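Peer 1: Please model the entire structure based on the sequences and the hints provided.
Chains as they are written, first to last, in numbering that gives the first Met the number 0: chain A, 0 to 287; chain B, 0 to 264.
Source of the hints: derived by calculation from the structure; they are not laboratory data. Accuracy of the hints is not assured; some may be wrong.
As a list, the in silico SDA-like pairs of lysine to any residue whose alpha-carbon atoms are at most 20 angstroms apart [unchecked claim]:
#1 B:133 - A:29
#2 B:93 - A:19
#3 A:145 - B:42
#4 B:59 - B:228
#5 A:145 - B:59
#6 A:45 - B:122
#7 A:145 - B:43
#8 B:133 - B:76
#9 A:45 - B:102
#10 B:52 - B:33
#11 B:93 - A:145
#12 B:93 - A:17
#13 B:93 - B:228
#14 B:93 - A:22
#15 A:45 - A:276
#16 B:93 - A:21
#17 B:133 - A:28
#18 B:133 - A:25
#19 B:93 - A:33
#20 B:133 - A:33
Just so you know, these numbers come straight off a predicted model, no measurement behind them.
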Amino acid sequence: MLVSAEESFLRGSTGGAAMLLLPIIVISLVGFVAPVVNLLVFSFQKAEATGALLGGFTFDTWHDVITDPYYRELIANSVGASLLITVLDLVLSYPIALYLHRSSGLRRTILLVLVISPLLLSAVVRTYGWIAILADNGLIDQLLAKLGIINPYRMVFNMLGVVIGLTEILMPYMILALLAGFGRLDLRAEEAAATLGARPFVVFRRVTLPLSLPGILLGSLLCFVLAISSFITPKLLGGGRIFLLATEIYDQAIVTLNWPVAATLSGLILAIFGVALVAYTRLLARLV
Amino acid sequence: MTDEKPPSRGLTVLAMLLFLFLLAPVLVVVPLSFSGDAYLSFPPSSWSFHWYKQILAEPKIVSAFGTSLLLACSTMTISVAVGLPAAYALVRLKVRGANLLMSLFTAPLLLPSIVLAIAILVIFASLGMLGTFKGLLAGHVIVTLPYAVRILSTALAGLPIACEEAAATLGASPTVVFYRVTLPLMLPGLVATAALAFLVSFDEVVLSLFLSGPRLSTLPVEMFHYVETRTDPLIAALSCILVVATLVIVLVVDRTAGLARTFAR
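Peer 2: See the structure below:
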């Protein structure tokens, strides 16, 4: 009789599985589940001006945040900027992804490494690079000066700089999502359309674009979600003058020490995440 | 019929221009690091190694580098030590609810880092763990552990179980099978996991910003504060060193473990 070797050598160790899993379960529950639940509980408490918690259960903080015109503007700015960044990322990444999809061999490998490698670089370093390009006396100012133009626009420490920097920093995610989506893109469909007399633009609009929609949706979800929760780039390229949800969470948590407000803003970010995810799932379902 | 359609000339030009935009900040940082100017100006008016030498004259940067190095090594060790048994239990012992457990273990990856950071801040503040090494270490492990379990599980699932079965049939105990057969076979996955845990910890900035204190902070946090308050080429020099170091780690891992093989599954 043949006893499954797998069973025989694993016999007796099934009880040991709990032992093997114990450390990671403890870390997950204590280090992740408990803090997140605790944070959400915090958003239903209220703090005194001194920062001391009043305890109890109240919707006051949520009510205060949602009705405060300052926070309303903050939320509108964050959502608006993130949507703009997502659209820019889509427009700028699509040609690169299409080019990568259509090239092959060593060239494709090298270019793919160039797309992924910025991800290994800290956001601090990449933001710093953008300050060097956009700042007064930076690359763009100097280039324009060579042409005899004095740049009248300030490009750092304002929303323009934040949008430019974040767009570039999130591009690799969009490119990779689009590339994954291009898997469905069959060259023969494009060729068939062209053979039947469709002009290149019509082929793109009627064949290429619709087939790559799943990748577009995934990339847009990723970029939007990463843009609205990013903090390093708005803080540095905004020069402390641009106020978005994520920077406000930091200020409330570290500077003002108003944890219930920071917790409520975190809850708001999670809620926006949820809405984005539902929109993504709905749109994707309509495609299939 | 070939399946390849070479990109048209128009697309090539457009893609190259966009690549220039994508790589612009990195391309600027390298020449900037050799600037001889006292302030941030591009292109620099003179060239020197001044800012490379200046790094060592910043005591905060030097001590933060030491902290980051120790922190990344400790995080790497704990991630592998906790992640490996977990991956073995999930993949080889096929515990009930393995998929559910995997979702729980990798959930921190889905949460925005700023939300995770404030959640941990609130807990650690009440435990007096802010600005301490153990606080930073605990926070970093929470962030790197999901990567570790994920990669180790993938590596383990990709191993042919036949070798382990053969050893077991020939009378080796489960412990011996694990140390003499399974572990050597999954060495590439192990090296990749260690390298990734190290790099993620060394680069981590949002969580560290919330958990560090005036007396103890990490290199990315010090770099963040430096860029926030001063504009000179020092960070460019430091960035170049980090880029080269990261490339060396990636190349070493690729040579020993085959990065593509590890992540391609």
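Peer 1: Next, verify each hint and record whether it holds.
Peer 2: For each hint, the structure was consulted:
| no. | hint | verdict |
| --- | --- | --- |
| 1 | B:133 - A:29 | holds (15 angstroms) |
| 2 | B:93 - A:19 | holds (12 angstroms) |
| 3 | A:145 - B:42 | holds (12 angstroms) |
| 4 | B:59 - B:228 | holds (14 angstroms) |
| 5 | A:145 - B:59 | violated (39 angstroms) |
| 6 | A:45 - B:122 | holds (17 angstroms) |
| 7 | A:145 - B:43 | holds (14 angstroms) |
| 8 | B:133 - B:76 | holds (14 angstroms) |
| 9 | A:45 - B:102 | violated (33 angstroms) |
| 10 | B:52 - B:33 | holds (11 angstroms) |
| 11 | B:93 - A:145 | violated (67 angstroms) |
| 12 | B:93 - A:17 | holds (11 angstroms) |
| 13 | B:93 - B:228 | violated (53 angstroms) |
| 14 | B:93 - A:22 | holds (17 angstroms) |
| 15 | A:45 - A:276 | violated (30 angstroms) |
| 16 | B:93 - A:21 | holds (15 angstroms) |
| 17 | B:133 - A:28 | holds (18 angstroms) |
| 18 | B:133 - A:25 | holds (16 angstroms) |
| 19 | B:93 - A:33 | violated (27 angstroms) |
| 20 | B:133 - A:33 | holds (18 angstroms) |
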